[in-house]
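**Q** Counting from 1, position 5 in the sequence shown corresponds to residue 5 in UniProt numbering; the numbering is continuous, with no gaps.
Please keep in mind that the hints were generated in silico from the structure rather than gathered at the bench. Treat the hints with care, as some may be off.
Below, in silico cross-link-like pairs of lysine to aspartate or glutamate (DMTMM-like), each with a Cα-Cα straight-line distance of 25 angstroms or less [to be verified]:
{"hint": "1", "residue 1": "Lys92", "residue 2": "Glu134"}
{"hint": "2", "residue 1": "Lys160", "residue 2": "Glu38"}
{"hint": "3", "residue 1": "Lys92", "residue 2": "Glu161"}
{"hint": "4", "residue 1": "Lys160", "residue 2": "Glu15"}
{"hint": "5", "residue 1": "Lys92", "residue 2": "Glu32"}
{"hint": "6", "residue 1": "Lys92", "residue 2": "Asp69"}
{"hint": "7", "residue 1": "Lys92", "residue 2": "Glu154"}
{"hint": "8", "residue 1": "Lys92", "residue 2": "Asp150"}
{"hint": "9", "residue 1": "Lys160", "residue 2": "Glu32"}
{"hint": "10", "residue 1": "Lys92", "residue 2": "Asp52"}
{"hint": "11", "residue 1": "Lys92", "residue 2": "Asp57"}
{"hint": "12", "residue 1": "Lys160", "residue 2": "Asp69"}
{"hint": "13", "residue 1": "Lys92", "residue 2": "Glu33"}
{"hint": "14", "residue 1": "Lys160", "residue 2": "Asp77"}
{"hint": "15", "residue 1": "Lys160", "residue 2": "Asp150"}
{"hint": "16", "residue 1": "Lys160", "residue 2": "Glu134"}
{"hint": "17", "residue 1": "Lys92", "residue 2": "Glu9"}
{"hint": "18", "residue 1": "Lys92", "residue 2": "Glu131"}
{"hint": "19", "residue 1": "Lys160", "residue 2": "Glu33"}
{"hint": "20", "residue 1": "Lys160", "residue 2": "Asp64"}
In this text the structure is predicted, and so the values were computed from the model without any measurement.
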Amino acid sequence: MVSARTIAETVTDPELPMLTLAELGVLRDVTEETGRVEVTITPTYTGCPALDTMRADLRHRLADAGYTDVRVRTVLDPPWTTDWISDAGRRKLHEAGIAPPGPAPRRAPGPIPLTLGPTRRVRCPHCGSTETVELSRFGATACKSLRRCDACREPFEHFKEI
């Protein structure tokens, strides 16, 4: 029988089907003990509308492989960060025409610095230019924004840093 972890690592994200939950960093742990499987996931944000679908997909895939006692546990602490996206996941986002996120913002204790300009230039996944503009803070999903490249004029989505 294929391990529960191996099966869980193949389940794709419902909103980003080019990525597995493991590549996205949502799949945190898989344990098997005396016939019971427990899968731990951390959604990209607390109100993620795909959370129920992720749970159901994990349960169905594991049940199809013969695992009948499956529990999917959601853990919100520590909160998910775009730093958890694997290198393979970032490459797949780029190949799908979605600009992968940069490093998640880090805040030092104390006063919050004010930045008047863009903090990071977003690279176009089509031509590589950093001359891009945000068209909408939200794209097809809340974790992406819609942008356009000023060099090649192509629109694209950017996975926001969290």
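**Q** Each hint should be assessed against the structure and marked as holding or not.
**A** Verification of the supplied hints:
no. : hint               : in the structure
1   : Lys92 with Glu134  : 22 angstroms, holds
2   : Lys160 with Glu38  : 30 angstroms, violated
3   : Lys92 with Glu161  : 17 angstroms, holds
4   : Lys160 with Glu15  : 14 angstroms, holds
5   : Lys92 with Glu32   : 29 angstroms, violated
6   : Lys92 with Asp69   : 32 angstroms, violated
7   : Lys92 with Glu154  : 19 angstroms, holds
8   : Lys92 with Asp150  : 23 angstroms, holds
9   : Lys160 with Glu32  : 34 angstroms, violated
10  : Lys92 with Asp52   : 24 angstroms, holds
11  : Lys92 with Asp57   : 21 angstroms, holds
12  : Lys160 with Asp69  : 36 angstroms, violated
13  : Lys92 with Glu33   : 33 angstroms, violated
14  : Lys160 with Asp77  : 20 angstroms, holds
15  : Lys160 with Asp150 : 19 angstroms, holds
16  : Lys160 with Glu134 : 11 angstroms, holds
17  : Lys92 with Glu9    : 15 angstroms, holds
18  : Lys92 with Glu131  : 22 angstroms, holds
19  : Lys160 with Glu33  : 37 angstroms, violated
20  : Lys160 with Asp64  : 34 angstroms, violated
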